[in-house]
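J.: Residue numbers (our numbering), protein chains in the order written: chain A, 97 to 577; chain B, 952 to 1267.
Since the hints were made in silico from the structure, they are not lab data.
If you're wondering where the values come from, they're calculated on a predicted model, not measured in any experiment.
One should not assume that every hint holds.
As the list claims (entries may be wrong) - Under 8 Å between C-beta atoms, here's a sample of chain A residues computed to sit facing chain B:
#: 1; residue: A141
#: 2; residue: E187
#: 3; residue: S190
#: 4; residue: P194
#: 5; residue: V205
#: 6; residue: A253
To be verified - Estimated spans, in silico, between C-beta atoms of each pair:
#: 7; chain 1: B; residue 1: A979; chain 2: A; residue 2: R222; range: 56 to 62 Å
#: 8; chain 1: A; residue 1: R480; chain 2: B; residue 2: V1096; range: 33 to 39 Å
#: 9; chain 1: A; residue 1: A226; chain 2: B; residue 2: L1073; range: 25 to 31 Å
#: 10; chain 1: A; residue 1: A411; chain 2: B; residue 2: L987; range: 21 to 27 Å
#: 11; chain 1: B; residue 1: A1099; chain 2: A; residue 2: E315; range: 35 to 41 Å
#: 12; chain 1: B; residue 1: E1206; chain 2: A; residue 2: G409; range: 45 to 51 Å
Backbone N, C-alpha and C define an ideal beta-carbon position, used for all residues, glycine too.
Below, each chain spelled out in residue letters.
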Amino acid sequence: MSLIVEGLSIHGPEGCIVRDVGFTARPGEPMVLLGETGSGKSLVAQAVMGVLPAGLRAEGRILLDGQDLLALSARERRGLWGRRIAMLPQEPWSALDPTMRAFGQVEEVHRLVRGRPAAEAAGAARADLARLGLATAARRYPFELSGGMNQRVALAATHAAGAPVLIADEPTKGLDAAMRDTAAALLLGEAREGRILLVITHDVVLAGYLGGEAVVMLEGQAVESGPLRQLLAAPRHEYTRRLVAADPARWASWPARPVPGGRALVEGRGLHKRLGGRELFGGLTLEVAAGEVLAVSGPSGCGKTTLGNMLLGLARPDAGEVRRRPDLGPLSFQKLYQDPMAAFPPTGTLGQALTELLRRHAIPRAPAEALMRRLRLTEVLLGRRADQVSGGQLQRFGLLRALLLKPALLFADEATSRLDPVTQQEVMDLLREVVAEQGTALLVVTHEEALAAKVAGRVVHLAPQVVGLSPDGVPEAALAL
Amino acid sequence: MRALSPLLRLLGGRLAQAGLVALLVGSACFLMVRTLPGDMAYRIAASRYGYDLVDTAAARAVHAELGLDRPWYVQLAGWFGDLARLDLGTSLASGEKVLEKLGIELGHTLLLAGVALALSALIGLPLGALAGLRAGSALDRAALVGAAALRAVPSFVLGVGLMILLAAEWNLLPAGGVGEWEEVILPALTLALGLAAASSRVTRDAVAAVVASPFFGFARAKGLGDGLAFRRHGVRNAAIPVVSYLTLQMVLLVEGVVVVEALFAWPGIGHALVHAVLGRDIPVVQGAALVMGLLFVLLNTAADLACWSLDPRRRA
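Sequences are here, hints too, so could you generate the full structure?
T.: Here's what the structure looks like:
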């Protein structure tokens, strides 16, 4: 049994998007496609599954046990779904039917796809769920389960029809470190059971955990391939080297900055906050000094963003007090948002947004343009809308917008968590340089412990909330959205 | 127990709403009829004896008999006192018990509304679902144009149009009357077309959203065929917004009933209401409006319960 991709090219209306990609995936040994957003790695997965977006066309050969999938009709390819090739959904909590219990979503595959009798299907579904530690979750609806549990329900449903090939496209997107490890262990388990596993990711940590073989993709082409561990230990291609180096664990620590002393910019004393019936923190005290880099880290749902918002005055503590230095106005505290797309107006150009800002705060054009150059933002981008620039560029615009107000403290709320690793590193490097130049204190909120440790002089670790903890150690509220 | 309390809260809320409806509708009708121009006693006498036979003496007699010279708040308090004993009073015009009169009329109205709802479901839901499954197709666009046109035509114009076409020109259905099953079809169809125009679009949007949703894509990727995936994961999820919308449609229905009953001389509550307003028959106006208001609350409760059973998230 094998899955062989040979000379796969994918053409769109504007030409060739993926050129001449090939690999062989064997049972038991994960096959990882590594690359950044736009490298075409997801298109390869979609071509294997047969779900390329309309207008795209695949050429070459995709051989599953010697049968060329690209030669099959759309109907014949549908027939393979679930039975021969299965695809793990990208965001399990939205891929499960919100109005059906976990049990039903697994059971129906045994009964309706494999055609087993009802009693047998029910037994098989119960066994599947129990094997993944979900026996108690069977009667629950997705919204009653944690993100990690939903992920396992989706996995059980995905392979219930017994497909020997499992494709996982960005399986760790949006997950914190603990959930990423859980997901990786589950995938590895699938491979060890003798399945062909094809994983698409930009996450070097996940790739390293999975092992097996890898193809590194850049701009639609395979730039390097080979056994993963070897490839990560001694990357040959320049891009692979950058990708490996972009793992926060491998970053150089940020140099400690001289802290001038004097009164703290902001101090929180005895902060209490409850959210959704859970106590996030009871009696937390911390302060941010001028010019300091402070990180707050912890798993999703532990309240780290809420803490930052309280220090900025965007949220109120239930008890305790937050005191900001009296000589600083509200504009001296700025925030860099996690999702830059949501922080810019969807209509209108970035240039218009910038002009508005300069007028509103009477900032002359020249220093703004100087800072733009410093942030490596070109004039051309000013004519574009937020959705017409890359995530990294947009976040740098967010940075520009915040820094033009000369804040004393900048709160970077998971500011790079949605960016590709290489872009994340670039943005963080730039952030380090400009806040140092401007003497701005930085509050970094992140779910990545490694990143927090590298950037900050001090790290505040918020523990996962004991009250809301689900059996697999994932905070219930983490992905309840 | 955990699932019971939101349900009780829902039902309790609706019960309180029913009480408020009784209070507001009763008072508002009373005050509105009192402020209508013209002498009330004359109008009542006219509806009893006919316009030609009314004179000042007859009006004065009516005035005295009904105690119309009592202060308005005494009269209103009297009505609420009777309501508490489930007595809606007697018609000023005919002397019938309002409750009995409305009971018969309510039966007619419920028949009309029921047939109209069923027809609108038969027309609107499948058409909307088809348009949603083929969003952007020629069928979808044609359905949009049809629905917009139907919604734009007021129900009295639609009713007259249907009468001319189906009753007068083609002689397929009777234009009026009550008793035979054919007679309900034309007024019900008039109501149903307006309702279906709106509900088909809501259904279309709900189905299109479900089909485009990640969970529907996942259902297909699991190996379920399109038909199975739609039956297992499409219908229930699309039904939630559609049923919620039907709640809003009840306003259209209750409102439409008044117009359509008057138009087709269908002896229901709406018809009775219009006549009672003209005859200044306050107890009947209050009673009919009250029954329609309570009917509205009841239909809303039914829609709430349907949503409650469809969507587990509401039960949490």
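J.: None of the hints should be skipped; say for each whether it holds.
T.: Against the structure, the hints:
no.: 1; hint: A141; in the structure: violated, 12 Å
no.: 2; hint: E187; in the structure: holds, 7 Å
no.: 3; hint: S190; in the structure: holds, 5 Å
no.: 4; hint: P194; in the structure: holds, 7 Å
no.: 5; hint: V205; in the structure: holds, 5 Å
no.: 6; hint: A253; in the structure: holds, 6 Å
no.: 7; hint: B:A979 x A:R222: 56 to 62 Å; in the structure: holds, 59 Å
no.: 8; hint: A:R480 x B:V1096: 33 to 39 Å; in the structure: holds, 36 Å
no.: 9; hint: A:A226 x B:L1073: 25 to 31 Å; in the structure: violated, 45 Å
no.: 10; hint: A:A411 x B:L987: 21 to 27 Å; in the structure: violated, 56 Å
no.: 11; hint: B:A1099 x A:E315: 35 to 41 Å; in the structure: violated, 47 Å
no.: 12; hint: B:E1206 x A:G409: 45 to 51 Å; in the structure: holds, 49 Å
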